[in-house]
Structures are given as C-alpha cells and as structure tokens.
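Order-wise, the sequence lines are chains H and Y.
Residues in the first sequence are numbered consecutively from 1285, following the numbering used here.
Residues in the second sequence are numbered consecutively from 1393, following the numbering used here.
Derived from the structure by calculation, the hints contain no laboratory data.
One or more hints might be untrue.
[What the hints assert, rightly or not] No more than 35 Å apart at the CA atoms, straight line, and that leaves these computed lysine-lysine pairs for DSBU-like:
{"no.": "1", "chain 1": "H", "residue 1": "Lys1359", "chain 2": "H", "residue 2": "Lys1473"}
{"no.": "2", "chain 1": "H", "residue 1": "Lys1353", "chain 2": "Y", "residue 2": "Lys1696"}
{"no.": "3", "chain 1": "Y", "residue 1": "Lys1479", "chain 2": "Y", "residue 2": "Lys1449"}
{"no.": "4", "chain 1": "Y", "residue 1": "Lys1696", "chain 2": "H", "residue 2": "Lys1344"}
{"no.": "5", "chain 1": "H", "residue 1": "Lys1385", "chain 2": "Y", "residue 2": "Lys1696"}
{"no.": "6", "chain 1": "Y", "residue 1": "Lys1696", "chain 2": "H", "residue 2": "Lys1359"}
{"no.": "7", "chain 1": "H", "residue 1": "Lys1353", "chain 2": "H", "residue 2": "Lys1315"}
{"no.": "8", "chain 1": "H", "residue 1": "Lys1337", "chain 2": "Y", "residue 2": "Lys1696"}
{"no.": "9", "chain 1": "Y", "residue 1": "Lys1457", "chain 2": "Y", "residue 2": "Lys1522"}
Fair warning: this is a prediction, and the values are worked out from it, not measured in the lab.
Now for the letters of each chain:
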Amino acid sequence: MRVATQPMITFQNVTKSYNEGPAALEDVSFKVNPGEFISLVGRSGAGKSTIAKLLIGEEKPTRGRVFFKDTEVNKISSSELPNFRRHIGIVFQDFRLLPNKTAYENVAFALEVAGRPQREIAELVPQVLDMVGLSEKLQSFPNELSGGEKQRVAIARAMVHRPEVIIADEPTGNLDPFNSWEIISLLQKINSLGTTLILATHDKEVIDSLDKRVITLDRGRLIRDEEKGKYILA
Amino acid sequence: MITIFSRIINYGFTNFWRNGLLSTATVAIMTLSLLVFVGLLLANTITGAMINVIKDKIDISVYFKTDAAEDQILNIKQSLEALPEVKSAEYISADQALQNFKEKHKDDPEVLQSLDELNANPFQASLNVKAQDPNKYAGIAGYLNNADLKQYVDNVSYAKNQTVIDRLVALVASVNRIGLTVTIILSFVAGLVIFNTIRLVIYSNRDEIGIMRAVGASNLLVRGPYFVEAIITGVIASILALLVVFIFFIAIPGFYGGQTYFDLNVPGFNMNQYFYSHLFSLFGWELLFGIGVATISSLIAVRKYLRS
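Excised from the complex, chain H in its bound form (with noise of 0.2 Å):
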C-alpha cells in the first residue's frame, strides 16, 4: 500500500541519450514513496542501470527531471554532488570495493569522506559489518573474501552512513542462487528497517518471490508498473 506523503523519489518524463544512438530511457515517470521496496526490471540494456545513474547525478537526462524530495538532481552543482551522494547508498553489480582497504575500511571509508568523527566510526562501523554477518571479516582485504562476503561489504558500505534510499544496481549479477538469496534478504531487513530500496535486477527467480513493486522497462520504455507485480517481459 502506498502512502500520499511527498515521493522520495519522482522521475518526470525523462528521456536520456547518448550521443547518436538510441535513447537509454524515453518518457520515462514514475514515483517511489519513502519506506518502499521496488524492483526495476529488464533486459540487459533496457535502462535500469541508466536510472540509477540519473539518480545519483553520475548522468544528466537529455529531457525530463528527477528529483530527490525538493531536489532536483540534475540541478546540483558539481561540487555539491559528493554531498548529495552521501544521502544514497549504492550497491553495484561488480561491488566496487577499494581493492587496498580491508572490508572495514572500506565501510569506514563512505562515513571518512562525510568527515564524521572517528570515535562514532570506530563504534559503526564494526556494528554494521555485523550486521550483514562479517564481524569476523573486518580486516579481510576484498581479494580475500568471496563474491557473497564482498556483496554484503559493499551492502555495509550502502547502509552505514543511514541513507534515505539504497540503490541496488544488479546486486546479485555475480553471484551463485545461494548468495543470491543471502543478499536479497539482507536487502529487505534493511528495507524493513526503514530504508527505500530499488532494486535493479533481471532475476527472475528474486522479483517473483519478493512480491513488491515491481517497474518492467523494455528498450527504455516503461511498460509496466504494477503494486505486487512478476517477472514479466512481453
């Protein structure tokens, strides 16, 4: 059930292209309210990925606006933007780890940059790594660990620092069923908590367990958007 409060997140008929090709996203609207759960799906290429970037300003829409609540994305300066990432997780197909910092580190590393205390990052950090069952890997480097303990570092990493939103850009990609599963739970707990979560993913098996949102994209096109939708592509 979705609350009328104000969206979080609010993507306004927005087409994104590169170049000469074909457009990556076309008219493209939706809203997502704060505490929800959505799955963006597709085919690989289809414009999930282009999403995600859009909204964390890595990418500028060609038309069309996204906000974050009153902000508008594409509207904040450049050296505003490490700022603003700071309220988004992000949590990448390929992890994303910095490969010379330990699995704490790496999760001290997103709380250093928003220049908060060391004392309250000597007490958070371990408390997260915990919490996504690694409180014996804290000083494990990423080429130590194996794909599921890396996913869920950079899942500690997304959360630590108590974003309003994680986006989670094909979390599962690289992993086996198992893992798979381990992470996708990870993700709800953490949407339970309070957390808006989008997820993007062309996992079949995940969208129809998860029983959410779920926003179907094909060629960049939004076809569907259904309350308790399925892995639909036709």
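Given chain H, work out where chain Y should sit, using these hints.
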C-alpha cells in the same frame, strides 16, 4: 577540516605502503630521472669550474718604457683597477721580472751568464691584467693604447695573443651554450618520464577514483592522497638519488684513495668538498624538481577522472 587533512595524509601513506610494488617501481623510475637531473647540475658545476680555469689562464700584460716612474705605473694600475671590466692588475717591477727570470732559468748557467754580461736589467716593468670577462680584453687593450698613456706604455701583449684569446672566448661561450641546451632537453625528458609514470599509476587507479566519487568523496579527498603519495615518492627518490651520487663520487673514490675514474682533477674543484658544502642545495633542487613534477603530474592525471 583538520580531520579531512589528517585522513588525506593517512590515506596517502597507507596507499603508498600497500601498493608496495607499484610504489617501488615509481620510486625507482623517479630516482633514475633525478639522477639525470643531479648529474646535469654536477656536470654544469664541473664545466663551470673548468671554464674558470681556462678563463684564469687568459691575461694581458702591459710593458712600460724603462723611463716610466714606478709611481706612474702604480697610478695606471689604480686607474685600471677602477675599471669595472678589470678583475685584477698585478704590478711586476723590472727587478721582480729579473728575479723571476733568474728563478726560472736557475739551472741554465749559460743564460744566467749572458744576463750577467749585460750589466743592466733588460726587463721592463709590467702590469698583468685580468678581466672579469674574456670578452673585455679588447676594451682594456684599447684603454691602455690611448694617447694619454702612450708616453709610458711600450707595448700591450693583447695584439699578439688576440687570436688565442678570441678562440678561448668562443670556446667558453659554446661550452656554456651546449651545457644549457643539454640541461634543458634532458631535464625536460626526465620530467616527462616522471609525468608518464605518475599518469600510469593513476590510470591503474581510475576505477578506485570512480568508486570514491560514487561513495561521496569530494574532489579534495580523491586528489589529496595521490598528492601525498607523489610527495612521498619525491622525497624517497631524492634521498636515494643523493645516496647514489654519494656512493659513486665520494665513498667509492674514497675507498680507492681518490684515484679513480671519477677523479676529475679540475684545479679549484673538489668533488668531495663540493658535495658536502652543497649537500642541502643539491637535495633542495632534487626535492623541488622531483616533488614539483610529481605533484603537478598527479593533479593533471587525476583531473581527467574527476570530470563526470
């Protein structure tokens, strides 16, 4: 702000340490480049010392008529010394000249005997004049040949030495020119090598720069650690380059009693002494060049990945 800066410094040191192999390679390449740079500084100094030796060999002598009074000659000496072109003027009296001649030929009794038979001092009093700059001899010779001094001056040695002086002047000038050109070109190449090395290091870190930005790191926080790493690399490479110079020019020659391949034997130039008295300025130039090029390279190289 203090927290941010201390974190930047901390990241810089940690990255440098954990990127062990890459950092070692960077330091090695930078050390080689700095050796080229220090080598140029030393080569310029040694060439300078050699040129000074040659310059010092050039002088002109003014011979005075035998009837010129010593006071007059000393007056001329003073007026010469007052000229800005003149570095020194040495008075050699007729007696002194005789003395010098006798000293020089003391093992040659025939010469001394014939000198005794003269019963008079055949030598003229003279002034030995050295110019600040070898180019100025023509001017000084002109001054000595002017009408006022004609009554005292018998002849000036410039005319007969002119060709030799001119050649030496040309030689000195071209050595200086070649030295400067080689210094500029090789420094540029050394700088380019450092620039490219740093660029490659940062290229290999481009994904991490993207990650840092995605997590919300400000440009300062992305750039800072690379800047710190560049400084660390510059400092270590400067120390190493100086150490290599010390080993090859001071320690090894010292071990062999100074008589080695590197013993340049330039009069008035002592490598040992020069090294110790210029230790800090050599190190300073290295630091300036090494850190300067490295930090600028890192700023330029990172900027490319901060644009999105």
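Do the hints match the structure? See the list:
| no. | hint | result |
| --- | --- | --- |
| 1 | H:Lys1359 x H:Lys1473 | 33 Å, holds |
| 2 | H:Lys1353 x Y:Lys1696 | 31 Å, holds |
| 3 | Y:Lys1479 x Y:Lys1449 | 13 Å, holds |
| 4 | Y:Lys1696 x H:Lys1344 | 19 Å, holds |
| 5 | H:Lys1385 x Y:Lys1696 | 23 Å, holds |
| 6 | Y:Lys1696 x H:Lys1359 | 22 Å, holds |
| 7 | H:Lys1353 x H:Lys1315 | 10 Å, holds |
| 8 | H:Lys1337 x Y:Lys1696 | 19 Å, holds |
| 9 | Y:Lys1457 x Y:Lys1522 | 21 Å, holds |
In terms of the numbered hints stated before, the structure departs from none.
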